[in-house]
Amino acid sequence: MSAPTLSPHKAAPPPGRGAGSRPNASREAFVRDLRRNLSAHGFLIGAVLCFSFFSWYPMVREFILAFQKTEGGETTWAGWSNLTTVLNDPAFWQAWRNTLLFTGLALVLGFAVPFVVALVLNEFRHAQGYLRLLVYLPVMLPPVASVLLFKYLYDPGYGLFNRVLELLHLPQQQWLQDPDTSMLSVVIAATWMNMGGATLIYLAALQGIPGELYEAAELDGAGVLRKIWYVTIPQTRLILSLMLLMQIIATMQVFTEPFLLTNGAGPEGSTTTVVYLIYQYAFNFNNYGSAAALGLILLVLLAGFSAAYVRLSRGGEDE
Amino acid sequence: MTTRTLISPAQLARPRGKFLYWVVFVLVVGLFTLVFLGPLYWMVSGGLKTTQEVVQSPPTFLPKTVHPENYSRAWDVMDLSRLLFNTLYYAFGALAFQLILDVAAAYSLSKLRPVFGKAILAMMLVTLMIPATVLVVPQYLTVLDVPIVERNLLNSPWAIWLPSVTNAFNIFLLKRFFDSIPRELLDAASIDGASPLRTLRSVVLPISRPILGVVSIFAIVGVWKDFLWPMLTLPDPSKQTLNVGIYSLSNGVPENVLIAALTIASVPTLLIFLVFQRNIMSGLTAGGLKG
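Protein chains in written order, with UniProt numbering: chain D, 1 to 319; chain P, 1 to 291.
In case anyone wonders, no lab produced these hints; they're calculated from the structure.
In this text, all values refer to a predicted model and were calculated from it rather than measured experimentally.
Worth double-checking, as some hints may not be accurate.
As the list claims (entries may be wrong) - Partial pick of chain D residues on the chain P-facing surface, computed with a CB cut under 8 angstroms:
(1) 41
(2) 144
(3) 148
(4) 152
(5) 201
(6) 211
We put the CB at the ideal spot given by N, CA and C, even for glycine.
For reference, chain D alone in the conformation it holds in the complex (with noise of 0.2 angstroms):
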């Protein structure tokens, strides 16, 4: 707990104690304590009503939900059958091996492409502003924009990037249409919408490192990659942590991408993520209890990775 401080708020007796010896001040002192209670509260308020009705309330209601069945507007305890219909779904397998496989290709490319893309900008004198503007524009297209294009581009006829392995004479890709490469072109586009953001936030970490400590590798005869091993990775392992942390968190909810470039499910259900799988249940098949079991599932999972980051903001901020 914080320790006590001196501000004229604080200073206030807590109300009943002291009453004894002068009850006349400590009186004056709780009516402005309970005053100064009231308005703060009434700052509180609106947002506090918005958090029960929107946040704190569908929290526990998951949880409700989870072991409920709703059939023909009644509804009754479902004990644990939520949960079985869930893992004995085929599909429920299949999303979580999808929504894995898209976690890992994020973590290649949306992970470690940021990082690279933002150690070369960073090394740049000239047009840096450029560039940067440049990977944060698609961050700020609405995604129906940025996905229907994408899927132009991705047509296997008059897409233009058949076109360009045309050019290079590579073959021609099925891209979105074939399961083996669906998920790929899914991570493609999702990787080119999001990079901007983390690119951002590595260039600012990268230009928080004193200059000092690449002249001392230098001294010690340390070429470029070993600077990057010693210094760099070191002294941005903190953020580095923290977004790899982020992108784990943010990917396994990826919903949006896939929906909207393969209507969910993609090729013989190579795209169906677990968060569509909930989707589905919950709004095709009126079937929240299941939902909410699948999203507790997935809580679980992500409670760990959530725990983590806390515990790592925590201890960078020094408070």
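The hints should help you fit chain P onto chain D, whose structure is shown.
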């Protein structure tokens, strides 16, 4: 003076270093322009092609004949004025709610320090740890029938505005900023007899302009980019946002008209970005480190 980076200035100053620097630089600038502006060019020019040309193989890099009327057709066919208006209406409404309620909450938690303030803040921050998609189903059910008041918010802007307030990250960001405002400044105002509201308005808010700018931009962009939530809560086509409306109409219109519509839909946020890029980028790195 520039900061020292990976490659030493001495190395760069040598002829070989200079040459390599410029080769890599030109390559990277060219590649980036191609990768990030190329698709945008493809979108703008695709919207100018005829229906046949846009689906012809191999594709043309320059439209053979220019058809700007695709854009006006897209505007009419997809009812873009309505979709744009809706999106703006939701975005600025969400902005207003977030600015009023989140700023008030952060101010209260930071400076007025009510009883249970710490617990309330902690409970708000806990929501950051729950994956957002897990809450979509119970949130949707709440919107269908809001407890106590027993109202159905489906197809109403409140379904966008009120949940947008529950942005714990905003409150956290604002609170941290308010925490850095010296106590003495507020005490001086309170000695002068200013009420908390008055102090907020005439002392705290003017100093907080930078952070308010960041929060505002992210509030607007957040609504502009959201897809799943508006798709679920605004099923009525006349109430939809750009993202949802264009998506649901995308199969029924010719490709070139669709691409023209995408271009139009991209213009507003790109404009916001080009005007406020400095604030957006600094806000991103200020907030990004923490969360």
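To see whether the hints hold, each was checked on the structure:
no.	hint	verdict
1	41	5 angstroms, holds
2	144	4 angstroms, holds
3	148	6 angstroms, holds
4	152	7 angstroms, holds
5	201	4 angstroms, holds
6	211	2 angstroms, holds
The structure meets every hint from the earlier list without exception.
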